[in-house]
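Starting from two chains that each stand alone, build the complex the way the hints lay out.
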Amino acid sequence: MGKKRKHSESVPEPKKIVESAPERPKRTLLGWKEKVEEDRETSSPIFRNKEKVLVTCSRRIIYRYRHLMLNVVSLLPHCKKDNKVESKESKGATLNELVELKNCNSCLFFECRKQKDLYLWMAKSPNGPSVKFLVNAVHTMEELKLTGNHLKGSRPLLTFSSNFDKDPHWKLLKEIITQIFGTPKDHRKAKPFHDHVFVFSIVDDHIWFRNYQISVPHNEIDKVDRGGLDKMTLVEVGPRFCLNPIKIFGGSFGGPTLYENPFYVSPNQIRALEKRKKAGKYAKKVKAKTRRKMHEQSNQLEPDEFADLWKE
Amino acid sequence: MGVLKRKPSVFHKKTVEEDDVEDVMGEESESEPESESESELESEEEGDVKLAEPSKTSIYNREGLLEQLREISWPENVEWIHKLTIDIDRDQEVDVNDDLARELSFYNQALEGTRQAFEKLQSMNLPFLRPSDYYAEMVKTDAHMVKVKGRLLVEKKRIEESEERRKAREAKKIAKEVQAQKLKERAKQKKEDFESVKKWRKQRQQSGFAGGDGDDDMSLAFEEGKGFERSKGKRPGVAPGDRSGGMARKGSFKGKKGSEKKRNNRDHRDSKFGFGGKKGMKKQNTADTTDDLRGFNKGDFSGNKKRKRF
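Chains as they are written, first to last, in full-length UniProt numbering: chain H, 1 to 312; chain E, 1 to 310.
Only chain E is shown next, with the shape it has when bound in the complex (with noise of 0.2 Å):
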């Protein structure tokens, strides 16, 4: 079956070039050289798409050309400065569809040329450039010029947002990867507490509970003084909601009644609801309540007609 279904694409291939090939003939019959200016189009029609070799038919009348050169041309005596015109080299051929290296092929070929004018009117001692308070009328009005700030202001606000998003969610990432670092890390602290106990009590047990080595060995075992030190950014055992910073839960409030599990509760809704510290202002007159009078005389004038009907 391999065979059978090759075959059909290889006359798929031959039927397409055939059906060029026809193209190519109609259109060569149709395209007579023709003289004068044309009205259609379509007449004037020859080879295929663009990529073709040159048509032959394509007239070049080089001695015309150069005729009509020579006629219209200004005098060969002319100054530069009528002209203003500036060739310049191109280094490499540009790559048609890569529009980056055409435009600025396109760039350099303007500055390029400017510098060279420019040099050119500055060694004819002519003024060149507009001074800053020379104002005239411009190709672009003001109103469009509003419109192209206002859109290069809309993208440069758009590029700062992206750039402040991306940032954040670097930010996000590496704060991950701390925190992660931190976990390990206390992971590794507690495990070496736990070792450096065992240590110390496997130590203190071969020495037959003696009292007066154990000190030395304690002393090895946290001379670093890392051994129970907390961090300091976080008190621990600190409930997200506690409003009394842990206090209540250390139970430091002196003076309080109550049994051992009343005393706790009560521990418990003051660390849940709050206890002590500021009111928050919500007993004191502000200017807005001052002026606030619905609360008075509310409903009293039934009251007052009814004393008149006495």
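Pulled out of the complex, with its shape left as it was, chain H reads as follows (with noise of 0.2 Å):
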């Protein structure tokens, strides 16, 4: 019944967002400088952030993927975790439809598949564009190696490798990733600092997600001269994985496909094709064993004309 009752809160939610907001800068934390931030924002048409992303996962995913979506939960404050979905509802008019009940304007769906494949999409909700991903090389934030810790809910600083640029589809990408993982400014969650910074980065067409923690060690931390930050040094907290896009869909969980990864090879074929490779040992015995059958009929060896002189 909880859960139920979590609907109904969850409406009026971003309306308070809107009213509250505004008056946010007027609360000097360690001396913000009010003025210039308000002329600047009278001076353009006032742009608010107001994303909101709906993160749920597919039935019986494996714990790992279950633990990497809530690490993604912890480090994305203006976020709305929702109940699993089943996995005949994945299809895209439900999780559109769940989208829009819970007032979010995208959303990353977890997708387990065979208890070993996760597949991660990426929608703009209403009408935009949603992109579905296989998710690589997982490591959650658990693991004892990763070692950083950050603040929840601070904004993080992504960082975008320079080959977004290059293609129509990872500037698109670049742009859903942006507004996915940048938390809005003024989110009443957020915390105003910068504790750490995300990484994406294409290597190999595939996109690396990395977590660091930025520790900067001196102790008035409000006088940041050059040296301090020349001595910073970055802690990695985690989560890690690798993003390998397969396709891009013109509206949101489905419409009509606008990019296609062309080096896409899915892990169900992978293994297949290993399977096959495995099970064509025997045949291939076979294969040989007449082949040679047939090589020595055909050129027979002479008649060795030596071979009695020893019996005598």
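No lab work stands behind these hints: they were computed from the structure. In this text, all values refer to a predicted model and were calculated from it rather than measured experimentally. Check before you lean on any hint, since a few could be wrong.
Capping the alpha-carbon separation at 27 Å, the derived lysine-lysine pairs in DSSO-like fashion look like this [as the list claims (entries may be wrong)]:
(1) K156(E) / K145(H)
(2) K149(E) / K145(H)
(3) K152(H) / K149(E)
(4) K83(E) / K152(H)
(5) K191(E) / K202(E)
(6) K231(H) / K202(E)
(7) K231(H) / K149(E)
(8) K191(H) / K191(E)
(9) K283(E) / K272(E)
(10) K120(E) / K50(H)
See the structure below:
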């Protein structure tokens, strides 16, 4: 029953944000320069990022991927986590409905198939594009070798490698990622400092994600001199994953295909190939045997004239 | 036979190629361009394993992509503070399979990005670093961080231990070398001594046992003063179990009685079991022994009873 109540509560939230958020800059924290801020905002039409991300997964997701999803949830203060979606319902329409129901305008859908493969959908909800990725090389935040830690809800810096601007599909992906993973400014759950940085980097046509904590070792943090920035180090917080884009669709969870990865091979296919290779072993042996027989028949050895020489 | 042996391998190669070709053909016939979201992944197959050249059937709708990009992107004049994005040029291509190089490139990208972002934030006069007295909920819980710390400590300890072990091993090696060096030197010394003595004897013989010249010769032989010097570290001729420090052997104890043989026997025993010195506080009471009353009134009760009976 608690879930139902949540639904009803979640509806008024966006309004609250809109009403309360413009007040924010006046609550000066560590001496913000209000005047400059106000001047700028009045000069341009006020832009307000009201991004909300629905994060959910399919049923029968395995624990590792579920943990990854929870990590993502903890990194995005502007997201809403929802119940698992029945895999039959993971067709576009129901998901779209769900996103609308939750008042979100984008969605991260973790889809686990065959208890092995994780697919990640990123979708802009009402009519934006959606992308389907295959997720590889997953490391969750719980792993002990990732030793960093940062504030929950601080806004991340997003760094992109420059090859995101090479092709239109990468450009589109960059925009989607910026909107989904960037925490809106003055979000009520966001904290006013920046102590972690996301890395999105394209290597080998895959998008690699990393999350680092920024640690600056000096005592007076307000006065950051150049020396302090030079001494800055990063500690990895996690999670890690690698996204292999499969397709980009025109609509959300559906619509015309705009892009298709020409190099993509589904993991099912890879497994099938491996199996076939193994299965072919016996057939190959038999083939080789018959071939050998044929060969021996076709060019027979000449009868050895000296065979009986020592038999006498 | 060599020819015969070689041929099957050629055939084998050929068959593999054939198989692959067949596979590819099969897949391509299956893979038709699908427009909508597929429920079955098996249907969207194309090409060979990763390394193959791009499949020709794949869709690339450049206009559509740009259109979508225009549709969803934020207005042009959005301030940077809303986006917080930084683009970083990578100097050279990274090898994906080289984990270290790859992670390093990511790290560098993050570091460079952070520097640029911080400069921007600084120029905007916005606070960006957490003050040291700002406590709030963290992404990882304290319990988890304790675990992380524990692991780090264990790792550190392990490294230190192995380092120590390594050092000990090396020290042992060095000690061995030093010991060998010492032995060699000693042997050399001995040889020299003998030789010098021989030389001296020869000279003495040549000079016809002349007493006057002998002194000069002797001084020649031992003029370095090393001749019969002994190392100070270890007293020679002391058995490992000798507790009198070799004094027993020397027989410096005076006023001992007995014949020569008995005397030797006694000395040997003294050196083996000890003679003189502290008795190790064996006979003094301590707090424990004073409190220990077990030794008193042992079996006295029966005696008392008997006495009463009488």
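- Numbers of unmet hints, in rising order: 6, 8
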